[in-house]
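Those sequence lines, one after another, are chains A and B. Residue 1 is where the first sequence starts when you use this note's numbering, and the numbers rise one by one after that. Residue 1 is where the second sequence starts when you use this note's numbering, and the numbers rise one by one after that.
Careful: at least some of the hints might be erroneous.
Unchecked claim - Incomplete in silico selection of chain A near chain B, CB under 7 Å: (1) Ile25; (2) Tyr33; (3) Phe54; (4) Ala112; (5) Pro154.
No lab work stands behind these hints: they were computed from the structure. No experiment lies behind these values; they were computed from the predicted model shown. The beta carbon of each residue, even a glycine, is placed where N, CA and C say it ideally should be.
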Amino acid sequence: MGNSRDNALILRCKRGDRQALGELIKDYERPIYNAAYRILGNPDDAADVTQTVFLKAFERLDQYNPDYKFFSWIYRIAVNESINQRSRSKHLQTLEDEDIADSANPEDAVDANSMSRIIQAGLMELQENYRVVVVLRHFSDMSYKDIGEILRIPEKTVKSRLYSARQLMKTQLMEQGLI
Amino acid sequence: MTKIDERLAELIQADIDGELPAADRAELTAALERSAAARGFHDELTRMSKLLADTPDVEPPWGLRQRILDNIKLPERSWLSGWLTPASYGLAVAAGVLLAVGVTQVTPQGSEDMSSLVGTMVSRGHELPGSAASELSIDIAEVQGKVRLTSLDLAWAVEFDLQSADTVEVAIDLGDTGLSFGGYAGRDENAGVKNLEVSGEKVRVTNQGSHQFVLFLRRVPESSDGSQEIGIAVNQRGETVFRGLLESRG
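From just these sequences and the hints, can you work out the full model?
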């Protein structure tokens with residue numbers, strides 16, 4: 001997902017090239033969906049957000065400045081949409097948390113899916129601004145600089161939020177016997 | 001775990017995240033050697049980081065990609081239909097009315113710069129008259145699109161419909177085809193060229209982004225048909241990244 005490739009695909013999209021659109025969506029569908037899922041904790045909401053992200057990105061394609069990274073731009077839309085979606089469907093969080101709490105025991109930890117759910121439960125315990133930095137760092141492999149650009153916060157703030165979020169996550173994961 | 005100071009915690013976190021500056025490496029190593037608390041903290045963060053990294057991706061639902069594709073509308077794609085914009089360029093050179101060009105270098109600043117190169121107007125939405133003689137498709141990382149040679153009644157048109165993320169130079173070598181540069185027309189102000197250079201039988205067009213323009217070629221009087229091959233090359237940062245030929249027979 002190099003920026004040069006992204007920009008070439010965007011230019012082709014602007015010319016009406018649907019093959020280029022397909023390639024761009026193929027490149028970003030999975031990472032955007034996963035980031036949204038980790039922020040929201042709900043697969044249906046994550047799918048809705050992913051679709052909205054692409055629709056908004058292509059509606060606003062003229063606003064995209066190719067001097068900046070496309071992935072930062074589309075992730076910023078994804079984070080904002082996820083936060084908006086979360087505020088629209090907060091009731092789902094409770095249901096998800098209950099489901100996860102039932103299965104969160106050390107024996108389940110050997111199963112990757114259960115582990116994923118426990119980690120998701122841990123993420124959902126974090127306040128939103130902490131959760132987002134953890135998701136971008138650990139699930140989207142972003143650097144401090146990238147995270148700062150996406151969230152429009154200084155790198156120092158990124159590090160500080162990551163530190164606090166990790167302290168909270170660490171406690172939860174230790175309680176679950178995962179670390 | 002004994003509390004560790006803020007500076008050390010920052011170094012440990014940076015190390016876990018692969019963002020520890022080389023200059024701070026020795027400081028961290030020394031701190032880890034002398035402090036069991038620091039080693040414990042480093043170990044905990046490492047395990048947590050690995051745990052998160054090992055968490056499998058979640059599969060997007062089947063059909064999501066198609067749903068997204070189906071809901072995004074892109075501009076209508078067209079092969080140079082609509083590229084000629086009389087209002088902005090005053091346009092264009094058409095068959096038989098090519099104006100002689102004594103230009104050796106043109107750097108367009110706006111529509112007027114090209115007006116001296118053009119003749120009969122072609123209205124927006126028209127395809128060029130004539131039939132395509134040869135076409136090149138380019139699909140490399142640096143540039144994508146098509147170049148097409150069209151035979152007009154008394155001239156030729158080389159139509160460019162290319163996209164490049166970075167600045168590239170498109171070099172057209174007329175060689176001994178007996179053709180010479182006769183004019184230029186761009187699709188719109190955004191699809192013009194940064195620089196157009198004509199030197200003998202070579203034409204060089206430099207641009208970034210959308211390259212949608214036509215070069216009009218005229219038959220040099222008294223010339224005999226030569227190789228009938230027009231060389232097209234794409235250069236980026238002084239290196240040729242694409243080379244192809246258009247056949248001018250027919």
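Outcome of the hint check:
no.: 1; hint: Ile25; result: holds, 6 Å
no.: 2; hint: Tyr33; result: holds, 4 Å
no.: 3; hint: Phe54; result: holds, 5 Å
no.: 4; hint: Ala112; result: holds, 6 Å
no.: 5; hint: Pro154; result: violated, 14 Å
The structure fails to meet hint 5 from the earlier list, while all remaining hints are met.
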